[in-house]
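Assemble chain B onto chain A, guided by the hints.
Residue numbers (this note's numbering), protein chains in the order written: chain A, 1 to 532; chain B, 1 to 75.
Calculated directly from the structure, the hints in this document are not laboratory data.
If you're wondering where the values come from, they're calculated on a predicted model, not measured in any experiment.
All C-beta atoms in this analysis are idealised placements derived from N, C-alpha and C, irrespective of residue type, glycine included.
Keep in mind that the hints are not guaranteed to be accurate.
[What the hints assert, rightly or not] Cβ pair distances, simulated, as ranges:
hint	chain 1	residue 1	chain 2	residue 2	range
1	A	Leu-451	B	Arg-8	17 to 25 Å
2	B	Pro-9	A	His-217	46 to 54 Å
3	A	Gly-368	B	Lys-60	45 to 53 Å
4	A	Val-443	B	Lys-60	25 to 33 Å
5	B	Ala-53	A	Arg-252	13 to 21 Å
6	A	Ala-315	B	Phe-15	16 to 24 Å
7	B	Ala-53	A	Gly-142	53 to 61 Å
8	B	Ala-53	A	Arg-168	35 to 43 Å
9	B	Trp-65	A	Phe-475	48 to 56 Å
10	B	Trp-65	A	Leu-372	49 to 57 Å
11	B	Arg-64	A	Phe-475	48 to 56 Å
[Claimed, not checked] To give a feel for the contact side, a few chain B residues facing chain A, derived at Cβ under 7 Å:
hint	residue
12	Ile-30
13	Arg-33
14	Ser-40
15	Ser-50
Chain residues, written in single-letter form:
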Amino acid sequence: MEQQSEQSLENVGTELRRDVSVWGSYMWGFADVGADTYVALGLVMAYAQGAAGLAFALAGLVYIMIGLAYTELASAYPVAGGGQYFTLRGLGDFWGFVAGSALLLDYTIDIALFTVACAGYTNFFLPYVFGVSIDAFVISLGPFHHVNWLWAAETLVLIASLVWLNLRGIKDSSLLNEIIGVVVIATEAGLIIFGFLMAWKPEILAFQWRTQFPSLHNFMYGSSLAIISFVGLESISQAAQETRRPATIVPRTSITLIFTVFIFATAFSTLGLGMQLDPNLPSWQVLGNAQDNPVAVLARGIPVIGLLAGPFAAALGAMILLISANSGVMSASRLTFSMSQFNFISRWFNAVHPKYRTPARTIAVFSGIGLLEALLSFLTPNAMDTLGNMYAFGASTGYLLVFIALIRLRFVDPYTPRPYQMPLNIPVKGRDGQRRAFPVLGVVGMLGVSLILFMVVLTHTVGRIAGPAWILLSFLYYAYYRRKSRLPVLGSLPRNWEQQQMQVLESAEEYDLLEQYRNALAERDRHRRSAL
Amino acid sequence: MSPPPPARPSAVDYFQMVTSGLFTLVGATIIFRSVLGGGSPPLAYLVGASFIAFGLYRLKFVARWCRSRREPHES
Chain A
1 MEQQSEQSLE NVGTELRRDV SVWGSYMWGF ADVGADTYVA LGLVMAYAQG
51 AAGLAFALAG LVYIMIGLAY TELASAYPVA GGGQYFTLRG LGDFWGFVAG
101 SALLLDYTID IALFTVACAG YTNFFLPYVF GVSIDAFVIS LGPFHHVNWL
151 WAAETLVLIA SLVWLNLRGI KDSSLLNEII GVVVIATEAG LIIFGFLMAW
201 KPEILAFQWR TQFPSLHNFM YGSSLAIISF VGLESISQAA QETRRPATIV
251 PRTSITLIFT VFIFATAFST LGLGMQLDPN LPSWQVLGNA QDNPVAVLAR
301 GIPVIGLLAG PFAAALGAMI LLISANSGVM SASRLTFSMS QFNFISRWFN
351 AVHPKYRTPA RTIAVFSGIG LLEALLSFLT PNAMDTLGNM YAFGASTGYL
401 LVFIALIRLR FVDPYTPRPY QMPLNIPVKG RDGQRRAFPV LGVVGMLGVS
451 LILFMVVLTH TVGRIAGPAW ILLSFLYYAY YRRKSRLPVL GSLPRNWEQQ
501 QMQVLESAEE YDLLEQYRNA LAERDRHRRS AL
Chain B
1 MSPPPPARPS AVDYFQMVTS GLFTLVGATI IFRSVLGGGS PPLAYLVGAS
51 FIAFGLYRLK FVARWCRSRR EPHES
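Same shape as in the complex, but just chain A (with noise of 0.2 Å):
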């Protein structure tokens, strides 16, 4: 029976369904991004003290010109796979599996430290409830003395849950996406509004400014931190392979996306800098104090509203902590059934579920590492400050080949059309006659990732050590995938990108941008016959 089902899962075939709308792809991403800052607004506070918005504002600049790259790529290249997919174009075989496996990395990690997040603004409500913190479940487990038991629980159950919508399919999940994230936009933008009018005060942001200014260290961990608001638009990306008309929806919701989230990110931090949170403490140690709910205790803060906004608050922000938890299921099982697709992984992997048709093995095995990594957490002294470390160095990673993709492919792929390209670029004329446009701001992005990771791998011990550890054995596990199989493990297979090319655009729909592509490849190909 057991060997049954699992013929019928190798024999079904490998199709994503078609079935984000607009509003789903947004949301995907909202869910996602929109997370990140209930998460790192008090992590990055505690490094970067009074200069916390300065730290938001420059990894959003970062993080600004990373949604252009991903959105020109999505746009152009709308295929389950994102970063990684990008990668393997551009850079062929090898580096498309290191991309992969970095942001399979913040995959996993993001179901983790999603889960972990999302059950500490539940923990939220244990004082109103039940009478006790969150801290009195701390025990001893050997060697490890910071263990909180009923913390790591509640995670294992999220997780569980969250598997188990994901095998059931996307619709369902999408769907709940939907709704959770339109009532979190919508408290989010009062929260905003109301503490800005009610209860910011631009000198308590000036003074903390002045004399709460962190140390060089601090403030470069902070700033690599605030790096993890903005990670998720990766799954926008992952999105385009299902949604509708991706070419004409993906830059639409990609860029809404990034000045909502980038707007968000800066403004959480520059109303909780300017709010008196405790009269006995600056703002910035409040928040960095409590890292599990950060957004709830701001909440709290606004006069008024503050003793309904508070808990209200923690409930939303543990609602779009697990949708975020959920893309991060949904986009690592996709990211890894495209690279079962290219090798880099065993094909076992490259089976959809003959019911649900969903990637249900790698949904299991990768939320299974999730979960592991959750639990091993648990273990160090701060759970989330590991994961964040984590998350920061695989996204950098991931980000930076991208951005090195973009440029090599406007050089070496300049035939398939852009309906999005990033702005500022410089004409160049190729040997083909073919004009080429050099990404300006495509470099400046590549520099400021650059210097992301190296702050990241300068001040973030864990995230030096786990990080690359990880894409060692995976490379150690590619390696022997490819040589078991006969395919060559630094050099890149053929592949015919046109001919797939031309597939994603006929079954996107995407008729025009077909026409396009096929007359600038006929356009190469009198120029090529005519130059012999």
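Leaving out everything else, chain B in the frame of chain A:
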């Protein structure tokens, strides 16, 4: 061929109209109070300006929708 504009805005559209107006107002308030307070870091002005730009950007679509309703639709 462009699709005809919707005859009536949806509940989400109304929500966006209201928040767009409020974001513009919040942005102006942040800048005004930062100027009055004196010594505010540049970040306060950046956030204020971002809110104004974001609010006006979204209000532009409301204005475009109102204009498109007045003009006869060409297919």
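Starting from the range 49 to 57 Å, see whether the pair Trp-65/B and Leu-372/A falls in it by beta-carbon distance.
-> At roughly 50 Å between Cβ atoms, Leu-372/A and Trp-65/B fall inside 49 to 57 Å, so the hint holds.
Return the status of the interface hint for Arg-33/B: holds when the least beta-carbon distance to chain A is below 7 Å, violated otherwise.
-> holds, 5 Å
Does the hinted range 46 to 54 Å hold for Pro-9/B and His-217/A at CB?
-> Taking Cβ atoms as reference, Pro-9/B and His-217/A lie about 51 Å apart, which means the hint holds.
Does the Cβ pair Gly-368/A, Lys-60/B satisfy 45 to 53 Å?
-> holds, 47 Å
Beta-carbon spacing of Trp-65/B to Phe-475/A - inside the hinted bounds 48 to 56 Å or not = Hint holds: Cβ distance 53 Å, inside 48 to 56 Å.
Could you see if the CB distance from Ala-53/B to Arg-252/A stays within 13 to 21 Å?
-> Once the Cβ atoms are compared, 18 Å apart, the range 13 to 21 Å for Arg-252/A and Ala-53/B holds.
With 7 Å as the cut and Cβ atoms as the points, is Ser-50/B at the interface with chain A?
-> With a minimum Cβ separation of about 5 Å from chain A (threshold 7 Å), the hint on Ser-50/B holds.
Does the hinted range 35 to 43 Å hold for Ala-53/B and Arg-168/A at CB?
-> holds, 41 Å
Do the beta carbons of Leu-451/A and Arg-8/B sit within 17 to 25 Å of each other?
-> violated, 49 Å
Between Arg-64/B and Phe-475/A, is the Cβ distance one that fits in 48 to 56 Å?
-> holds, 51 Å
Consistency of beta-carbon spacing, Lys-60/B to Val-443/A, with hint 25 to 33 Å = holds, 31 Å
Do the Cβ positions of Ala-315/A and Phe-15/B conform to the proposed distance bound of 16 to 24 Å?
-> Between Ala-315/A and Phe-15/B, where Cβ atoms are some 20 Å apart, the hint holds.
The structure does not agree with numbered hint 1 stated previously, though it agrees with all others.
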